[in-house]
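Starting from the known structure of chain A, arrange chain B on it as the hints suggest.
Here is what each chain is made of, one letter per residue.
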Amino acid sequence: DAGITQSPRYKITETGRQVTLMCHQTWSHSYMFWYRQDLGHGLRLIYYSAAADITDKGEVPDGYVVSRSKTENFPLTLESATRSQTSVYFCASTPFSRGGETQYFGPGTRLLVL
Amino acid sequence: RKEVEQDPGPFNVPEGATVAFNCTYSNSASQSFFWYRQDCRKEPKLLMSVYSSGNEDGRFTAQLNRASQYISLLIRDSKLSDSATYLCVVNEGGKLIFGQGTELSVKP
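One line per chain: the protein sequences are A and B, in this order.
The working numbering numbers the first residue of the first sequence as 1 and each following residue consecutively.
The working numbering numbers the first residue of the second sequence as 1001 and each following residue consecutively.
Incorrect hints may appear among the rest.
Residues from chain B that keep clear of chain A, each with C-beta distances beyond 10 Å, as calculated [to be verified]:
#1 D1007
#2 L1087
#3 V1106
Computed footprint of chain B on chain A, listed as stretches where at least three residues anywhere in the stretch have a Cβ under 8 Å from a Cβ of chain B [to be verified]:
#4 35–44
#5 105–113
No lab work stands behind these hints: they were computed from the structure.
Quick caveat: nothing in here was measured; it's all calculated off a predicted structure.
Positions of the beta carbon are idealized from the N, C-alpha and C atoms, including for glycine.
Next up, chain A with everything else stripped away, as it sits in the complex (with noise of 0.2 Å):
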């Protein structure tokens, strides 16, 4: 009973490189997102999926890549990595046929950008 995973958990990147993170659902939800977190903000929405081959900008995509080839992947790509990337980040998905209904959250991937 894997849920929903992430890797790496913890990353360290030079400015400038390309870092892709990992998201893996075992649950066959339709919806997957994904977040970031900083001290001072809420999690704010950086992309989101409604199914395969179908994604969306949310709040911040500024600077981030995502994919999704299959449903129970969801990647997140930050083509040349900024220190105002450093942040942690949550991958979620939601059985809802909706999107803004509970979400289930990985475990998070800690970022930090020198």
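Okay, now just chain B, sitting in the frame of chain A:
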């Protein structure tokens, strides 16, 4: 103005105390409401949904006032294990909007 506002705290209370958190939201068209709990920057977990009629789950009671755009969470008989950050969450147009959270610390 933030879409979902909470007092960040911290609220420091003794075991057994009753504590209440409040939250306001800006969009009157918001459709559903939740309280999530987050421990030490781990993943948020759903604590309870919030309904217009109010709802209770053991020691926890949630209330919604749509006219005032206000949500509350009451915790009775606080336990040490209740120490966490409580996130107020609002559904706006199919997306969840999170408040920054209220930190609760329950002391022996």
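| said: Check the structure against each numbered hint from earlier and tell me which ones fail, lowest number first. | reply: 2
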